[in-house]
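J.: Protein chains in written order, with this note's numbering: chain U, 1 to 115; chain E, 1 to 115; chain F, 1 to 115; chain S, 1 to 115; chain B, 1 to 115; chain X, 1 to 115.
It should be emphasised that the hints constitute simulated quantities derived from the structure, not laboratory data. Treat the hints with care, as some may be off.
Any copy, or any two copies together, can satisfy a pair, since identical chains are not distinguished.
Claimed, not checked - Taking lysine-lysine and the DSSO-like style, the derived pairs with C-alpha atoms no more than 27 Å apart in a straight line are:
id, residue 1, residue 2
1, K45, K70
2, K17, K111
3, K17, K45
4, K111, K6
5, K27, K111
6, K27, K6
7, K17, K6
8, K45, K24
9, K24, K111
10, K13, K70
11, K6, K45
12, K17, K70
Number of protein chains: 6
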Amino acid sequence: MNEIEKFNDYRSKMNEKILASDNKVIKRIFNLDTNAFSDGALTSKTKELIGLTCSMVLRCDDCVKYHLGKCFEQGLSDDEINEAFSIATLIGGTIVIPHLRRATEFWELLKESNV
Amino acid sequence: MNEIEKFNDYRSKMNEKILASDNKVIKRIFNLDTNAFSDGALTSKTKELIGLTCSMVLRCDDCVKYHLGKCFEQGLSDDEINEAFSIATLIGGTIVIPHLRRATEFWELLKESNV
Amino acid sequence: MNEIEKFNDYRSKMNEKILASDNKVIKRIFNLDTNAFSDGALTSKTKELIGLTCSMVLRCDDCVKYHLGKCFEQGLSDDEINEAFSIATLIGGTIVIPHLRRATEFWELLKESNV
Amino acid sequence: MNEIEKFNDYRSKMNEKILASDNKVIKRIFNLDTNAFSDGALTSKTKELIGLTCSMVLRCDDCVKYHLGKCFEQGLSDDEINEAFSIATLIGGTIVIPHLRRATEFWELLKESNV
Amino acid sequence: MNEIEKFNDYRSKMNEKILASDNKVIKRIFNLDTNAFSDGALTSKTKELIGLTCSMVLRCDDCVKYHLGKCFEQGLSDDEINEAFSIATLIGGTIVIPHLRRATEFWELLKESNV
Amino acid sequence: MNEIEKFNDYRSKMNEKILASDNKVIKRIFNLDTNAFSDGALTSKTKELIGLTCSMVLRCDDCVKYHLGKCFEQGLSDDEINEAFSIATLIGGTIVIPHLRRATEFWELLKESNV
Numbered sequence: 001m002n003e004i005e006k007f008n009d010y011r012s013k014m015n016e017k018i019l020a021s022d023n024k025v026i027k028r029i030f031n032l033d034t035n036a037f038s039d040g041a042l043t044s045k046t047k048e049l050i051g052l053t054c055s056m057v058l059r060c061d062d063c064v065k066y067h068l069g070k071c072f073e074q075g076l077s078d079d080e081i082n083e084a085f086s087i088a089t090l091i092g093g094t095i096v097i098p099h100l101r102r103a104t105e106f107w108e109l110l111k112e113s114n115v
Numbered sequence: 001m002n003e004i005e006k007f008n009d010y011r012s013k014m015n016e017k018i019l020a021s022d023n024k025v026i027k028r029i030f031n032l033d034t035n036a037f038s039d040g041a042l043t044s045k046t047k048e049l050i051g052l053t054c055s056m057v058l059r060c061d062d063c064v065k066y067h068l069g070k071c072f073e074q075g076l077s078d079d080e081i082n083e084a085f086s087i088a089t090l091i092g093g094t095i096v097i098p099h100l101r102r103a104t105e106f107w108e109l110l111k112e113s114n115v
Numbered sequence: 001m002n003e004i005e006k007f008n009d010y011r012s013k014m015n016e017k018i019l020a021s022d023n024k025v026i027k028r029i030f031n032l033d034t035n036a037f038s039d040g041a042l043t044s045k046t047k048e049l050i051g052l053t054c055s056m057v058l059r060c061d062d063c064v065k066y067h068l069g070k071c072f073e074q075g076l077s078d079d080e081i082n083e084a085f086s087i088a089t090l091i092g093g094t095i096v097i098p099h100l101r102r103a104t105e106f107w108e109l110l111k112e113s114n115v
Numbered sequence: 001m002n003e004i005e006k007f008n009d010y011r012s013k014m015n016e017k018i019l020a021s022d023n024k025v026i027k028r029i030f031n032l033d034t035n036a037f038s039d040g041a042l043t044s045k046t047k048e049l050i051g052l053t054c055s056m057v058l059r060c061d062d063c064v065k066y067h068l069g070k071c072f073e074q075g076l077s078d079d080e081i082n083e084a085f086s087i088a089t090l091i092g093g094t095i096v097i098p099h100l101r102r103a104t105e106f107w108e109l110l111k112e113s114n115v
Numbered sequence: 001m002n003e004i005e006k007f008n009d010y011r012s013k014m015n016e017k018i019l020a021s022d023n024k025v026i027k028r029i030f031n032l033d034t035n036a037f038s039d040g041a042l043t044s045k046t047k048e049l050i051g052l053t054c055s056m057v058l059r060c061d062d063c064v065k066y067h068l069g070k071c072f073e074q075g076l077s078d079d080e081i082n083e084a085f086s087i088a089t090l091i092g093g094t095i096v097i098p099h100l101r102r103a104t105e106f107w108e109l110l111k112e113s114n115v
Numbered sequence: 001m002n003e004i005e006k007f008n009d010y011r012s013k014m015n016e017k018i019l020a021s022d023n024k025v026i027k028r029i030f031n032l033d034t035n036a037f038s039d040g041a042l043t044s045k046t047k048e049l050i051g052l053t054c055s056m057v058l059r060c061d062d063c064v065k066y067h068l069g070k071c072f073e074q075g076l077s078d079d080e081i082n083e084a085f086s087i088a089t090l091i092g093g094t095i096v097i098p099h100l101r102r103a104t105e106f107w108e109l110l111k112e113s114n115v
């Protein structure tokens, strides 16, 4: 399994366990997560860019990876991703840079996985 | 002076004082802030939505107000703003809600100011 | 109107406006907020203490005030509140202290309002 | 060594080194940490739930693991832990979810280790 | 009373109330705060610069004001303060700028108060 | 390769890739990072202590490692580093302790690497 598969695999496995606990509040938060990013007044492409940049300024590597995967599915270009990266780094400061490194690495993996 | 004018006035006055200190690093960060949000691979409208939501999840009222002003200039609709608000609240959690209240109030002021 | 009434008044007024926007995601988050703190495996008293301390370490004054109000309704004693304050200050660090000051002030207001 | 032992082992080893530096401020913070969570006006069970949820909203995996270990010693049930998880995720937002996954995994390890 | 006196006054009044609660953990944290910033291997001047910049990146206005007052007592120059401001803004990102504005204003008040 | 070399290697490799994307905003932020920490009104030694402590309270392990490396080059003593650690832990709270453990470990590696 490559890094992307490992990431998705762990994510799915643990989501299943979390939802199996049958806690209503958690279940609804997971549901909302699906609804909030679908097309509406804003396109899901714009929403994924929002998800990506918010994850970067909050410095959550796994959230960044998840939204990078979604951005990749949405067909976002390198230039679009780099501009999103630049705004997040400017707003969040140089403390974001280690996450920018890992985000850049994961974005490359996504592109390679699709050759 | 209404709330919006007071906000802009204080912002301008203090920015001037900060830049008068002639600190190179700070001056360049202020310059970057202007460049980063102009049209590029992403539209400045999308970038302002990113600025707005990142400011919400980082819970900075003044930053939220600034980007709401820019979003208003970009002609964003209520529905677009509300969807941006909803994603920021979902990602950032209920701790964002007090900022959502003040953001909602400021958005209404912006709309009224323009009647 | 005293400080407590002003706080509750603004909160209610803006919640109404936010819910009037009819954004599904936001509405559900507001609903969850009510459900999550009701009695369950944990008592609502314990849950309010969790809400209070999480709000302190995340340094949100309005959230602290809200949960202090709820803690007061639950009949929590000064000693219980002070122990909760002390843990939040220890975990969150001295950066929490300005919020501890305002929390202490609001707790006193709540007690006076009830004489 | 399993995951729990590795975690505890590294923690003990490094705590020893930190305390060996003989820095008075750090030593006292470590002492406070022990005192703050013992029984008082609030039970240590309630305090561990506070420690757990504050660690989750501040998104510190090691702190979450430490308090999960303490919650396990206190005999907290799955339902109690899940309600604590749900409040932390609601307050802290979906950015907490990756930590919720790792917390869920560690909680399972704790239960298995005790069979 | 001017802004600086109001700030110091509220701070003293509430610290007194907090310490009156006689909570051991809180009392010790307050004590540590005094010890940690006195001369040692690092000068108290360097320590106040650390306190100032940590307060800025954590975006706590009151903490910034407190450490600015201490930096003023230590005789720090405008250039030294501006360099500290610039590093904090670079590390913490543009989200720090609203706090930089208020810090700049308070620093000017401190200088005027001393004419 | 030891831990320090691995850390520096990954850092360099990814910085190169990030800068190869030729995004003007990101390039300038990277440039600023070099300028901001050079000698000025404050010595670069003081600036590295600021960089170290800000990284600790913001809880970024990679940033802590980077600034520890710089502090080591500046010839900072154990006592100076421990006082910086103690202030960061006091300001940022016990949530900083897991990062303090890893910082202590990396500081030891730096000292061993230089024997």
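J.: Now, for every hint given, state plainly whether the structure supports it.
T.: Going down the list of hints, with the structure as the test:
1. K45 x K70: So K45 and K70 pass the 27 Å test inside a copy (9 Å) and across (21 Å) alike.
2. K17 x K111: For K17 and K111, only the inter-copy Cα distance (14 Å) is at most 27 Å; the intra-copy one is 30 Å.
3. K17 x K45: For K17 and K45, only the inter-copy Cα distance (25 Å) is at most 27 Å; the intra-copy one is 29 Å.
4. K111 x K6: both (16 Å within a copy, 25 Å between copies)
5. K27 x K111: Between copies only: 23 Å across chains, 32 Å inside a chain, cut-off 27 Å.
6. K27 x K6: within (24 Å within a copy, 32 Å between copies)
7. K17 x K6: both (17 Å within a copy, 23 Å between copies)
8. K45 x K24: between (29 Å within a copy, 19 Å between copies)
9. K24 x K111: Classified as between; 23 Å across copies, 37 Å inside a copy.
10. K13 x K70: both (19 Å within a copy, 25 Å between copies)
11. K6 x K45: Within one copy only: 25 Å inside, 36 Å across.
12. K17 x K70: both (23 Å within a copy, 22 Å between copies)
Hint violations for this structure: none, all hints satisfied.
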